[in-house]
Structures are given as C-alpha cells and as structure tokens.
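**Q** Please build the complete structure, drawing on both the sequences and the hints.
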Amino acid sequence: MPREDVAQFTIESVQVLSEDGTVDEGLVPSLTDDQLLDLYEGMKRSRRLDERAILLQRRGELGTYAPAIGQEAAQVGSALAMADDDWIVPSFRESPALLARGTPPHRILQYALGMEEGAEIPGGEGALPPAIPVGSQPLHAVGVGWGEALQGRSNVAVTYFGDGATSEGDVYEALNLAGVYDAQTVFVCQNNRYAISTRLENQTNAETLAQKAIAAGIEGIRVDGNDALGVYRVASEAIERAREGEPVLIEALTYRRSMHTTSDDPSVYRESAEEDEWEARDPIVRLQVYLDDRGVLDEGTKSEIDERIDAEIAEAIDRARESREEVDPADMFRYAYAEMPPELERQFDAFGGGADG
Amino acid sequence: MAEQLRMVEAVRETLRAELERDDGVVVYGEDVGRAGGVFRSTQGLMDDYPDRVFDAPVAEAGIVGLGVGLAATGLTPVPEIQFQSFLYQGFHQLAQHVARIRSRTRGTVGCPMTIRTPYGGGIHALELHSESFEAGFAHVPGLKVVFPSSPAETKGLLTSAVRDPDPVVFMEPTRLYRSFREEVPDEHEIPLGEARVVDAGDDVTVVAWGSMLRETLDAVGDVDASVEVIDPRTIYPLDTETITESVRKTGRCVVVHEAPRTSGMAGEITARINEEAFLHLEAPVERVTGYDVPVPMFAREDAYLPDADRIAAGIGRALDFG
Ligand SMILES: Cc1ncc(C[n+]2csc(CCOP(=O)(O)OP(=O)(O)O)c2C)c(N)n1
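Just so you know, the protein sequences line up as chains A and B, in that order.
For the first sequence, full-length UniProt numbering assigns the number 1 to the initial residue and increments by one for each residue that follows.
For the second sequence, full-length UniProt numbering assigns the number 1 to the initial residue and increments by one for each residue that follows.
Check each hint, because a few of them may be wrong.
Here are a few chain B residues that face chain A, going by a calculated C-beta distance under 7 Å [said to hold, decoys possible]: (1) Asp31; (2) Ala35; (3) Pro57; (4) Val58; (5) Ala59; (6) Ala61; (7) His124; (8) Leu126; (9) Leu128; (10) Asp292; (11) Val293; (12) Pro296; (13) Met297; (14) Phe298; (15) Ala299; (16) Arg300.
Because the hints were derived from the structure by calculation, they are not lab data.
Beta carbons: idealized from backbone N, C-alpha and C, even for Gly.
**A** Laid out in structure tokens, this is it:
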C-alpha cells in the first residue's frame, strides 16, 4: 500500500435563524422569553454604545475606538452561552461580549479615553483586559482553561479573535497547546472578512478558518455569525465539550459593518455594494423579526429597552468624562511592580517633585 | 529637484526611488499594498510596482523570517512592521536568524533587509502603539538601528539603509510623520553611523534622536547657554567620536530618549563618554528619559514623555553642577 488516504475531515456549518428571520425549529436552542430578550437587549446595548462612541471620537473626546457593529450576534450569542464563572479572554473589538458579561459601559469608554482604569478587573470578574497585539491572547485562554482543569474546576475560558489573527503563530500554538493539555477552552474566531484592509483571500488560502483546528487535533465548526440563535447553540455545545477537556474552535462568519477603527477609512479598500449586502444581513434586525413573530417583542417592550439603554449609556458617558477630569498621572508608577523597586521609587519621587529624575 | 515633503511622503518617495533603481527591492507588510499602509507611507507603490509590493497576512514572525529567505535568493526585502511593538512578535526571527545569518554562514549569506517601523508616543494612539524598544534592538549584535528626525534625514538614511548589506531596523517617529515639511533632495544618501551636529555650542552637549530631537531643539531655545545638539542618527553603530569630541569641548552632557531609563541607550552613551572623555567631564552625564513603567495610555502619556521643560531642566542640572 504505497499510497492511501490516512485521514479525512469535514467541517460542519450551522445556521438556525435565517436571513429572513425564520428558524429551523429542530435547531432552535431552548431559551426562555427572558433569555431571548437578554440576547436582543445585549446586542442593542452594544450597537448603541458603538454609535455613541464613534460620535464622541469624531468630536475629539475619545481616542481610537474599534466598533463591533455587525458582529453583535457572534459575540453576545456566545457570551450568553457562558456560565457566570467562566472566563472571557477578549481581543480589542469585544465590547458586545464584555457588555453582555456585565462589564459596565463606562469602563469601555474609559479605556477609549486612554485611561488604564478601563482595563481594571474588579475581583472575581473572570475576564482578562483587551489584548491589543493581534492573536496574542488565545494562549492566555489556554492557560486559563488548563489552569482551571489542573485545579479540578470545570470553568472554561472563551477567547475571541479575528480572521487576521489566525495568521499569527501564537494562534497556532494556542490551538495546538489546547489539544495537548485538554484545556477547557473555546476559541471564537470572528471571521469579519477583513483584517484592517486585508481581505480573507490575502490572509489565508484555507477554505474555512474552522479547519485550522484540524491540524491541532481539536474540533472545528463554522456558524453563521449573524445568527444569534445559531451562535448561542454552537457556543453552548462547545462550552459543554470544553468543560470535559475538549477544546473547540468556532468560526463565526460575520462582517464588520463599520470602520476597522475610527482611524480607518474603509472606502479605500471595499465597495459600498458589499456593505449594502451585509446591511441586509444585520444580526439585530434578523433577531427582531423573529422575536416579533414569536410575540416576545412588542412595540412597548422595544421602546422600553431603547430608553433603558439610552439612559444607561448617557450615564456611562458622564461617568467616564468625570473620571477623565480626575486622572492622576502619578498613577503610572503604581502598578508596574507589586512593590516599587528603589530605582523606580527614585524616579517616582523626582516625578512628584516636578523635576526629571 | 528638491521638493517640500512631510516625513511620511519622504518615506514613500524614497521607497519609490529604490524600487525604481533596483528591481531586487521588495516591499511588503500588513496593509502596505492596497490601502497604502495605515499611515499611507506606501500609498500608490503597489499600483506602480504590482510585482514587488505586497500585502502580508498579520504575521510578524513571518514577515521578519521571510526576509532571511528572500535575501538568500538575492532580493532586498523592505518590510514594514505596522507598529514597533509588533516587532516583538518577530523578535525571535530577528535575534535568532536575521541578525546572525552573516556570522552563521561565515559571511557567505547576508540579510540586507530594512525593517521600517513607526515608533514612539505623542499621537494619542492605543495601548502598545507608542513604544521605543530601541536599546533592545541595539543590543542584538548584527543589527543596525536608525532614526530619522526629519523628512530630508529620512530620505538620506532610508536610502542608505536599503542599500546597506546588513539588516537595519529603521525607526520612524510616528509623531513626526505629518508634523512638518522640509526640502528633500532627489538623490540623497547619509552614511549610517555618522552623527550630525545640529547646533554648535560650547557649554553643554545634548544628544537626542528621532522625535526627541525636536523636543530638544524646543528646549534649547529657552536655555540661556551655548548648547551643542547632536543627533547620532544611528544608535548602532554609534558615532562615539562626534559625541566625545563635543563633550571634550563642553565638559557637560545630557542624553535624551523617550524609552525607559534602565538599560536605555543613555546608559551606553554615558559609558562611552566615561571611557573616552572622563577627564573632561565637569558634571555627571544627565539622563532625561521615559520612566521604568509600561508606556501609559494616552490619558497619562504626556506625563511619561520627556518634553521641552524636562529637557531644559536636565540641561539646567548639567550646567549648575559643581
Ligand atoms: C501583532 C499585531 N500586529 C499588527 C497589529 C495592527 N493591527 C491591529 S488590528 C489588525 C487587523 C486584525 O484583524 P483581525 O484579526 O481579522 O481582527 P479584526 O480587527 O477584523 O476584528 C492589525 C494588523 C496589531 N495590533 N498587533
């Protein structure tokens, strides 16, 4: 037998809620009306925060901001599938998931105001701060998932990254290590088609990103990332597998509808026809149609939700602005080491004295 | 014919000229092609040289490591690393292979790669977009580390870097990309390893490079003394002679950099002054630097970065000593 196939693989793709708002009844996850409304409200909250943040940035109040408009289903759907004591290990575009996990919106704004306060993790929150270097944080998620396993706990880590990140060596290492150590880790790759200006076909020759799991010997699955119910279902299943020590890579097919960050101009690298096409596949509209049909979301509830979100975000903006007024520059010395080494203390003293140290 | 250019345009025009001059030059990096770079420093190059300007996947180890192989085939890679902090992702390739390939092959294979990367603070960027890991690169034997401080300097130094037979880390001060225009000659080569005496003076020497040169010139305007300002332009190889000669004359020296103080280049420069001009010193060499803390995000960045006031205070201390 000089030549024969020794292994064969397939990649499964899942969609529960189709573009016109109809569902595959056999696949609908069993969610209560309240849970469905949480899903909807989580997506709306994030959309609203992003819209406000872009405007604030345009007025010169915020620094560079990475909106996630269009990616809400991929994030909120997977975040709500997590248990309270699971971990989230985000990249820099994860406000939908973070908000859904309870991060208050003012912290996201503080981070965008260039304040380290926004990355603070109050005790027991089960989150790591945004990771700016692309593709660096999945390794931390594997560490968390393995660490929990070593200590006999069943909590999982869910980490988020983009299509571009899958080109980084760290991501391959993370997938491989997760397989080797049976790490309790779920990888959520949001394939939003672009890494800044770079299209998927210039990023990889692979047909799917889910198949990147295969070489690592772990499960890979694709889901329609604009389908909140599909994402919830696939993520719930993946999280349950991960609790048993079987890591999973989910590729959520979605689209970044806005700019890469507020410093980016997408008209340089993509056509408005493509943008229009994806506007029609908006994840929030799709869920709304379904909830309307199911009788869960009437006009009254809808405007109640909108008003609640507007008030919350207005308050968050005020709070972030106020904290900006009180920024203490000396703060930068306080957290570099657990205990300030003498060299740094000298620099700190000189700084306090107003002279160069 | 000389033209008035911004630094970002000087980068672009230099790359264009080198692509034109030598068909072995290959420009690539994240978003450098279609979008023309996130700072637009490669804008239009892909249209003119579609076979030698490429977008790269988000893979810095790949971008840096590819250079070794491209060079081995006779090409001259000129990759861009989008922000200096992401050269950390390629640091193992840089230190383990790029910098050593010449020694490891007993001089038979070199790596004439120029890695361009924006560095430094002052533009209110995101976390990890403002670092200056310069001493770390200078600490790797086999690399050259170059800092332009103006559009014309960019042209001269980048031209030399691309033509240099050894790997060069070319650190472009982000905050100077669009801050001013300057006349840039068409043909311009500045030898690597030669400092420039920017201002002559007798009382104190100030050594500063990249973005800090601008701050230093601002500071000197307010100092009531005759200040000699030196831009080393490359921190490896370092033009020790120009610095020590100046210190022999002035007897006092201030070194300015925005990188953290500990193990920063100011320490190395101080050591060389001790070795070569110790008996001429009338004051300890002053350092005006960033602090030993992670570069803070932009709400606190101004407190971290040396500015004209801190530099002037450092000059004052050097002058007042003894
Ligand atoms: C290691 C590293 N290289 C480059 C960058 C600059 N950069 C920021 S985001 C980005 C593209 C990331 O694309 P993707 O992973 O698809 O995520 P998306 O931004 O689309 O959410 C790049 C190249 C970075 N932050 N980190």
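**Q** All hints are to be evaluated individually against the structure, with a verdict given for each.
**A** Hint check:
no. : hint   : verdict
1   : Asp31  : holds (5 Å)
2   : Ala35  : holds (4 Å)
3   : Pro57  : holds (4 Å)
4   : Val58  : holds (4 Å)
5   : Ala59  : holds (4 Å)
6   : Ala61  : holds (5 Å)
7   : His124 : holds (5 Å)
8   : Leu126 : holds (5 Å)
9   : Leu128 : holds (4 Å)
10  : Asp292 : holds (5 Å)
11  : Val293 : holds (4 Å)
12  : Pro296 : holds (4 Å)
13  : Met297 : holds (4 Å)
14  : Phe298 : holds (3 Å)
15  : Ala299 : holds (4 Å)
16  : Arg300 : holds (5 Å)
The structure agrees with every numbered hint stated previously.
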